[in-house]
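> Residues per chain, in single letters:
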Amino acid sequence: MDEESIIQRCQEGDLMAYRVIYERYEQPLLRTALRILGQKQDAEDAVQEAFLKIFRGINNYRRGSKFSTYLFRILLNSCFDILRKRGRAEFKDMETEDLPFYPRHESSFNIERAIDSLPQQMRICFVLFAVEEFELEEIAQVLNKSLGTVKAAVHRAKAKLRFLLSDSRMEVKA
Amino acid sequence: MSCKKFEKYERGQMTFAEFELHALECIICQEKMHLDERLMSMAKSLAEKPIHAPQLWSQIEESLRRENEKSQAKIVEPATRPGSLRPFRFRLLPLIPAAAALLVAAGLGIYFSFKALSHPPSSGLLAREALAKVEKKEREYVEAIEHLEQKALPKMASLDLEMMLLYREKLETIDAQIERCQEALAANPANAHIRRYLLAALQDKKAALADLLSYKPEKSI
Numbered sequence: 001m002d003e004e005s006i007i008q009r010c011q012e013g014d015l016m017a018y019r020v021i022y023e024r025y026e027q028p029l030l031r032t033a034l035r036i037l038g039q040k041q042d043a044e045d046a047v048q049e050a051f052l053k054i055f056r057g058i059n060n061y062r063r064g065s066k067f068s069t070y071l072f073r074i075l076l077n078s079c080f081d082i083l084r085k086r087g088r089a090e091f092k093d094m095e096t097e098d099l100p101f102y103p104r105h106e107s108s109f110n111i112e113r114a115i116d117s118l119p120q121q122m123r124i125c126f127v128l129f130a131v132e133e134f135e136l137e138e139i140a141q142v143l144n145k146s147l148g149t150v151k152a153a154v155h156r157a158k159a160k161l162r163f164l165l166s167d168s169r170m171e172v173k174a
Numbered sequence: 001m002s003c004k005k006f007e008k009y010e011r012g013q014m015t016f017a018e019f020e021l022h023a024l025e026c027i028i029c030q031e032k033m034h035l036d037e038r039l040m041s042m043a044k045s046l047a048e049k050p051i052h053a054p055q056l057w058s059q060i061e062e063s064l065r066r067e068n069e070k071s072q073a074k075i076v077e078p079a080t081r082p083g084s085l086r087p088f089r090f091r092l093l094p095l096i097p098a099a100a101a102l103l104v105a106a107g108l109g110i111y112f113s114f115k116a117l118s119h120p121p122s123s124g125l126l127a128r129e130a131l132a133k134v135e136k137k138e139r140e141y142v143e144a145i146e147h148l149e150q151k152a153l154p155k156m157a158s159l160d161l162e163m164m165l166l167y168r169e170k171l172e173t174i175d176a177q178i179e180r181c182q183e184a185l186a187a188n189p190a191n192a193h194i195r196r197y198l199l200a201a202l203q204d205k206k207a208a209l210a211d212l213l214s215y216k217p218e219k220s221i
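Going down the list, the sequences are from chains A and B. Residue numbers for the first sequence follow our numbering, so the first one is 1 and each next one is one higher. Residue numbers for the second sequence follow our numbering, so the first one is 1 and each next one is one higher.
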């Protein structure tokens, strides 16, 4: 069933359609929330909150905008709420954030640890681009940032990750 | 040694054909391209690693159910407290007179229905003639309900989630009541008390459907 029909069924109050939406987006949302928040429990809380917001406001969704963009924007807001509760800035600047530690010359390259070592904005842009396969324009919509900002973030993220990958003596840990 | 052509290509400042031509002779760019392909393939592989959250859906369902219960409870509260709940209360205002009317109608209905019938014996059992009259009345209600359902149920599907859940739960509660009465009456059809409950439940359902049909959603601002 195509997404338009599922959303229409949700808007008509069909509870089974909510389940379909949940099953379709549960994993991408959890993956993204986990990369932003770093802890599985927090990621689950963010995803739960995001789905509740989406279901409560399904009638506010306007056709024409991409549903996944709408979903991820809500998810990111839920993640930022959790970060705010933890006392961290909402959307840190690439230049000013203290980077998480990624051990130099590790004997193996761990992609998750490498992504987690990126500054927040770079990390979100890279995950949406490379893992969830969003277009750069869609990422800009999700984050409400300019296309230029998103492009720069993705390029810098890739450059840093390529550096870490080349620095890890080419051994790759899944 | 360094070469920035790969970054130029990534930024769209070079076409792929131009970059490919350059990369044939540039080892640095070949290496960067190779690393980039590996990186992107590793990143994509993350999408294949499932994250197990077996309780998540049931928690979401439970939260929706709790919210629905809360919103139902708000219907019977007096709508006097100002503040954040005001818009929601305002939306429920049309239900309050309907609920009051429902209670009055249910009371009067039961009173007149049973007054019109022959008085049940003190044992609580209906006489044959009285039973026939009650059954006729119930059939009338069932027919009216079926008629209303044809119009009201499609309308319910078009309501927003809160209102839809509210009406759906209300109707489900009444249906459960009707079912319990019918089950009890299967064993004891002349029981006046159960007949009275059944009639009241049928009246409730008819009123709820009529209320749903007359409900006009507020335009969101």
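To be clear, the hints were calculated from the coordinates, so they are not data collected in a lab. Nothing here was measured: the structure is a model prediction, and the numbers come from that model. Any given hint could be a false lead.
Chain A stretches covered by chain B per the calculated footprint, using a threshold of three residues with CB under 8 Å from any CB of chain B [what the hints assert, rightly or not]:
no., stretch
1, 65-74
2, 129-137
Straight-line distance between alpha carbons at most 30 Å, and here's what the computed DSSO-like set of lysine-lysine pairs gives [to be verified]:
no., chain 1, residue 1, chain 2, residue 2
3, A, Lys151, B, Lys4
4, A, Lys160, B, Lys4
5, B, Lys155, A, Lys66
6, B, Lys44, A, Lys40
7, A, Lys66, B, Lys4
8, B, Lys49, A, Lys85
9, A, Lys145, B, Lys155
10, A, Lys151, B, Lys155
Here are some, though not all, of the chain B residues that point toward chain A, as calculated from beta-carbon distances under 7 Å [unchecked claim]:
no., residue
11, Leu39
12, Leu46
13, Ala47
Just so it is clear, CB atoms sit at the ideal spot from N, CA and C, and this is done for glycine as well.
> Run every hint past the structure and note whether it holds.
Right, here's what the structure says about each hint:
1. Note: the stretch 65-74 of chain A has 0 residues with beta-carbon separation from chain B under 8 Å; the three-residue rule is not met and the coverage is violated.
2. Using a Cβ-Cβ cut-off of 8 Å, 4 residues of the stretch 129-137 of chain A lie near chain B, which meets the minimum of three, so the contact claim holds.
3. Between A/Lys151 and B/Lys4, the direct Cα distance comes to roughly 16 Å. Compliance with the 30 Å bound is thereby established for this hinted pair.
4. As the CA atoms of A/Lys160 and B/Lys4 are separated by approximately 14 Å, the hinted pair is consistent with the 30 Å bound.
5. For the hint linking B/Lys155 to A/Lys66, the alpha-carbon distance of about 27 Å falls within 30 Å, and the restraint holds.
6. Annotation: proposed proximity of B/Lys44 to A/Lys40 holds, straight-line Cα distance about 20 Å (limit 30 Å).
7. For the hint linking A/Lys66 to B/Lys4, the alpha-carbon distance of about 35 Å lies beyond 30 Å, and the restraint is violated.
8. Distance check on the hinted pair: B/Lys49 and A/Lys85 sit about 29 Å apart at the alpha-carbon level, within 30 Å; holds.
9. With a C-alpha separation of about 40 Å, the suggested pairing of A/Lys145 with B/Lys155 is violated against the 30 Å cut-off.
10. Among the hinted pairs, A/Lys151 with B/Lys155 is inconsistent with the structure: their alpha-carbon atoms are about 47 Å apart, more than 30 Å.
11. The beta carbon of B/Leu39 is positioned within 7 Å of a beta carbon in chain A (closest approach about 5 Å), and the interface hint is therefore held.
12. Interface restraint check for B/Leu46: the shortest CB-CB distance to chain A comes to about 5 Å, inside 7 Å, so the restraint holds.
13. The interface hint given for B/Ala47 holds, since its Cβ lies 5 Å from the closest Cβ of chain A, which is under the 7 Å cut-off.
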